[in-house]
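Working from the sequences, and respecting the hints, build out all of it.
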Amino acid sequence: MELSPEHAIEIEPGLKRMILIEIIFPVALLTLGIYHGLMQVLYRSGLIHSSQFLGLEYYQGLTLHGVVNALVFTTFFAVAFGYAVVRYYLGRPLNMTVAWLSFALMVAGTLMAAAAILTGNATVLYTFYPPLRAHPAFYIGLTLAVIGSWIAFFNWIPVYVAWKRENPGRKVPLAVVGIFVTFIVWLIATIPLAVETIFLLIPWSIGWVPTVNVPLARMLFWFFGHPLVYFWLLPTYVMYYTMLPKLAGGKLYSDFAGRLTFLWLLLFSVPVGIHHQFTEPGISSTWKFVHAFFTMLVAIPSFATAFTMAASMEHGARARGGSGLFGWWRKLPYLDRDRWMFSYLFAGLFIFIFGGITGIVNASYSMNNVVHNTSWLPAHFHQTVAGPVFLSYIGMSLFLITKLTGKEIKGKGFNVWVPYIWTLGIMIFSTGLFIGGVGGEPRRTNMGLSYTDPQSPLYHVDWTAAKILGSLGGTIMTIAALIYFIVFFATLFGKRVKQGALELIVSEPYHDEQIPAVQSLTPWLAGAVLLIVVAYAPPLIQTLRSNFPGAPPYSPDSPVPLNLGPPP
Amino acid sequence: MTSAGQLERRIIVISVAFAMTLFALAALAVNLYHVGLPTCLTDIKPFEKGELITHSPTHYELHYVARMWTFEPEDVTVPAGSIVDIYLSAADVTHGLILPGTDVNLMAVPGAVNYARVKFEKPRDYQVLCHEFCGTGHQTMATALHVVDMQTFRARRQAAAVPEPSDPGYQVIKMKACLACHSIDGKTRSGPTFKGLYGRSEKMTDGSVITVDDAYLRESIHEPKAKIVRGFQPVMPKPQITDADVDKIIDYLKTIK
Chain A
1 MELSPEHAIE IEPGLKRMIL IEIIFPVALL TLGIYHGLMQ VLYRSGLIHS
51 SQFLGLEYYQ GLTLHGVVNA LVFTTFFAVA FGYAVVRYYL GRPLNMTVAW
101 LSFALMVAGT LMAAAAILTG NATVLYTFYP PLRAHPAFYI GLTLAVIGSW
151 IAFFNWIPVY VAWKRENPGR KVPLAVVGIF VTFIVWLIAT IPLAVETIFL
201 LIPWSIGWVP TVNVPLARML FWFFGHPLVY FWLLPTYVMY YTMLPKLAGG
251 KLYSDFAGRL TFLWLLLFSV PVGIHHQFTE PGISSTWKFV HAFFTMLVAI
301 PSFATAFTMA ASMEHGARAR GGSGLFGWWR KLPYLDRDRW MFSYLFAGLF
351 IFIFGGITGI VNASYSMNNV VHNTSWLPAH FHQTVAGPVF LSYIGMSLFL
401 ITKLTGKEIK GKGFNVWVPY IWTLGIMIFS TGLFIGGVGG EPRRTNMGLS
451 YTDPQSPLYH VDWTAAKILG SLGGTIMTIA ALIYFIVFFA TLFGKRVKQG
501 ALELIVSEPY HDEQIPAVQS LTPWLAGAVL LIVVAYAPPL IQTLRSNFPG
551 APPYSPDSPV PLNLGPPP
Chain B
1 MTSAGQLERR IIVISVAFAM TLFALAALAV NLYHVGLPTC LTDIKPFEKG
51 ELITHSPTHY ELHYVARMWT FEPEDVTVPA GSIVDIYLSA ADVTHGLILP
101 GTDVNLMAVP GAVNYARVKF EKPRDYQVLC HEFCGTGHQT MATALHVVDM
151 QTFRARRQAA AVPEPSDPGY QVIKMKACLA CHSIDGKTRS GPTFKGLYGR
201 SEKMTDGSVI TVDDAYLRES IHEPKAKIVR GFQPVMPKPQ ITDADVDKII
251 DYLKTIK
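The listed protein sequences derive, respectively, from chains A and B.
No gaps in the numbering here: position 230 of the first sequence is 230 in the numbering used here, and each next residue is one more.
No gaps in the numbering here: position 128 of the second sequence is 128 in the numbering used here, and each next residue is one more.
Think of the hints as simulated: they come from the structure by calculation, not from any bench.
Keep in mind the model is a prediction, meaning the values are calculated, not measured.
Treat the hints with caution; some may be incorrect.
[Said to hold, decoys possible] Think about it this way: if two alpha-carbon atoms lie no more than 16 Å apart in a straight line, the pair counts; the simulated EDC-like pairs of lysine to aspartate or glutamate are:
hint, chain 1, residue 1, chain 2, residue 2
1, B, Lys225, A, Asp557
2, B, Lys176, A, Asp557
3, B, Lys225, A, Glu57
4, B, Lys227, B, Asp247
5, B, Lys227, B, Asp213
6, B, Lys254, B, Asp213
7, B, Lys238, A, Asp557
Below, the structure is given as structure tokens:
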């Protein structure tokens with residue numbers, strides 16, 4: 001892709017090496033995560049009637065699938081991409097001692113958690129709901145990885161401050177605003193997670209305290225769990241606003257729309273978590289409704305993004321000779337091998353139409369009662385995190401690898417099809433799971449041993465269509481991923497054709513509005529903190545005052561509580 | 001003449017006003033019609049015994065206890081046309097309860113009690129499922145809920161009511177949570193049923209056939225993964241159990257044919 005060769009910049013070899021490892025390490029782990037994705041659909045559809053396959057148990061594989069794909073891959077990518085954006089746009093070298101410290105914590109933490117999962121000591125899924133107990137290494141590992149990602153962000157702040165001082169009155173580059181909002185949301189969201197693991201789960205899983213307050217742990221988890229999805233989505237939005245218009249051959253329709261989207265997400269990402277807990281006891285319906293209201297508000301920037309992207313692509317298509325009311329859609333570079341990044345971003349945007357609408361269903365208070373914890377949910381979040389987020393992340397990983405190593409992409413013709421095959425797979429997979437979900441098919445269940453086993457007294461004939469579509473779609477997704485992995489590693493091990501450098505795709509704004517309200521992060525951050533206090537202080541106080549009896553730890557394979565410490 | 005900017009502003013104002021009105025109406029509906037979300041029941045102490053309580057022939061209170069990996073009570077029958085108030089408590093880990101075909105969708109959270117009301121209009125057999133991961137036996141955590149006409153209901157009521165066994169072997173089985181996977185009434189759970197097990201010939205996963213006797217039972221309790229009955233998974237954990245308790249279990253199993 002030679003879109004803007006003049007934009008390539010030389011960077012420090014240390015930083016280059018670190019960004020490369022932060023991309024290669026999670027992509028290598030992703031092979032394991034995706035293998036377990038395929039296994040899930042095969043078990044669920046009843047093609048495997050077993051509790052385990054090749055030494056890995058179903059729920060152990062499910063834990064691995066969630067932790068690797070949704071937590072490890074995403075966090076590593078966001079950090080690597082953040083480094084690239086900050087270094088590229090702000091043009092200053094970073095403190096490498098701090099950077100390597102952050103890197104070491106993230107890798108060590110990930111390896112600790114992975115060891116706990118692979119040895120079967122952390123089969124608690126990526127939401128780790130207590131009182132199912134994992135080995136302390138699992139919680140400690142994840143906490144270290146999170147702290148590592150904080151340190152990466154702290155490393156960018158002085159660079160940002162110095163840039164602001166040197167460029168008074170200039171707008172902060174849009175991509176930098178996006179990355180900073182990403183990590184501010186992450187920092188806010190991971191504080192309740194750290195409180196949950198450090199004060200509740202780690203002491204309890206070691207055996208220092210006998211019981212855990214489950215309703216409190218769940219509220220803290222979802223305080224983190226929903227902003228987490230915006231942490232995934234925000235780097236994707238950075239790519240949409242700053243790269244997609246250029247790839248389409250045009251300009252970003254509105255710079256203001258981009259800034260407002262990021263800041264709006266900063267404001268409303270966090271005070272929404274209770275919409276995951278609508279069906280739970282111990283939280284009053286007043287606060288459930290308040291969170292439903294805020295969740296509707298957080299959908300607005302996604303609509304703004306959809307319209308802005310359509311307008312930007314129209315601008316590009318018309319510049320490429322497109323015409324007519326709808327005829328210009330034909331002029332986009334869908335299969336342009338040299339602009340392959342377009343296909344990764346465009347396919348994700350398409351999937352997100354469905355992912356976004358079903359998200360609104362989930363958040364719609366009483367409608368959630370039909371779908372909560374059914375297979376509808378994995379269908380929805382695969383259309384979001386495994387749609388636009390996954391495709392843009394793997395696309396950008398490949399893009400950065402080629403630029404930083406100076407290597408030519410291998411299998412260009414196959415590569416440009418990866419997102420479309422993935423889209424086909426995910427649409428079929430999700431359709432199956434949506435249908436099953438409306439009929440009550442539970443998520444996170446090894447159904448091959450019961451509901452989809454004709455020999456079982458629990459056999460559920462209604463879920464036949466769902467299981468066929470689910471396994472077919474999942475298999476197609478795996479094929480797309482397999483092609484991607486081949487392209488990725490063939491490119492990585494290929495020959496260097498030029499000097500490696502840092503290069504990003506940069507779109508010019510079409511409307512470059514000068515609106516003061518979106519030029520400073522501070523007032524929006526203050527608003528965000530205020531909303532969090534309003535939305536979370538009362539339900540947290542309610543939960544703490546309710547004096548729920550604590551729960552002892554349990555191993556997932558036995559109904560008898562674990563006895564961890566010596567008896568008192 | 002209206003400029004484009006003014007028009008835009010006007011559209012924004014109208015849209016925001018429209019959205020706020022819709023939300024105000026939604027909030028009003030939630031309060032006036034008690035739109036069905038589980039209510040806050042923080043003041044109720046979690047119960048440990050599941051039961052069906054009759055308030056009137058058409059109004060019942062159903063106390064479900066969710067535990068790894070059964071619901072108590074099992075196989076509940078209620079008459080068509082009745083209102084059932086479901087209360088849900090979790091005895092060990094977090095569970096879920098979904099009743100496909102109705103709006104009932106609840107989380108069972110240790111320490112708290114959940115609630116939903118449902119009206120069953122017509123006779124139908126429902127399946128009650130656990131929809132939250134609760135351990136390796138999660139996929140078989142389900143029970144039936146039968147809605148039958150009033151006549152059938154009355155007839156079944158009289159036939160029912162089996163008291164809990166007082167056998168010391170049963171007490172061990174209950175305390176060691178064997179019932180999570182092994183029923184005593186012939187139902188298939190994650191493990192083979194205890195009913196009629198003693199003396200039965202079972203086919204193993206390796207193809208051999210074993211007649212269940214004292215030696216086999218002793219081995220299977222102490223070394224659960226040594227021999228697995230065909231059709232089941234090697235998922236049973238090793239229990240902490242004394243030889244005296246094992247003897248009690250074996251004696252009890254001999255009595256349930």
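Evaluated hints:
{"no.": "1", "hint": "B:Lys225 <-> A:Asp557", "result": "holds, 13 Å"}
{"no.": "2", "hint": "B:Lys176 <-> A:Asp557", "result": "holds, 13 Å"}
{"no.": "3", "hint": "B:Lys225 <-> A:Glu57", "result": "holds, 15 Å"}
{"no.": "4", "hint": "B:Lys227 <-> B:Asp247", "result": "violated, 20 Å"}
{"no.": "5", "hint": "B:Lys227 <-> B:Asp213", "result": "holds, 13 Å"}
{"no.": "6", "hint": "B:Lys254 <-> B:Asp213", "result": "holds, 9 Å"}
{"no.": "7", "hint": "B:Lys238 <-> A:Asp557", "result": "holds, 10 Å"}
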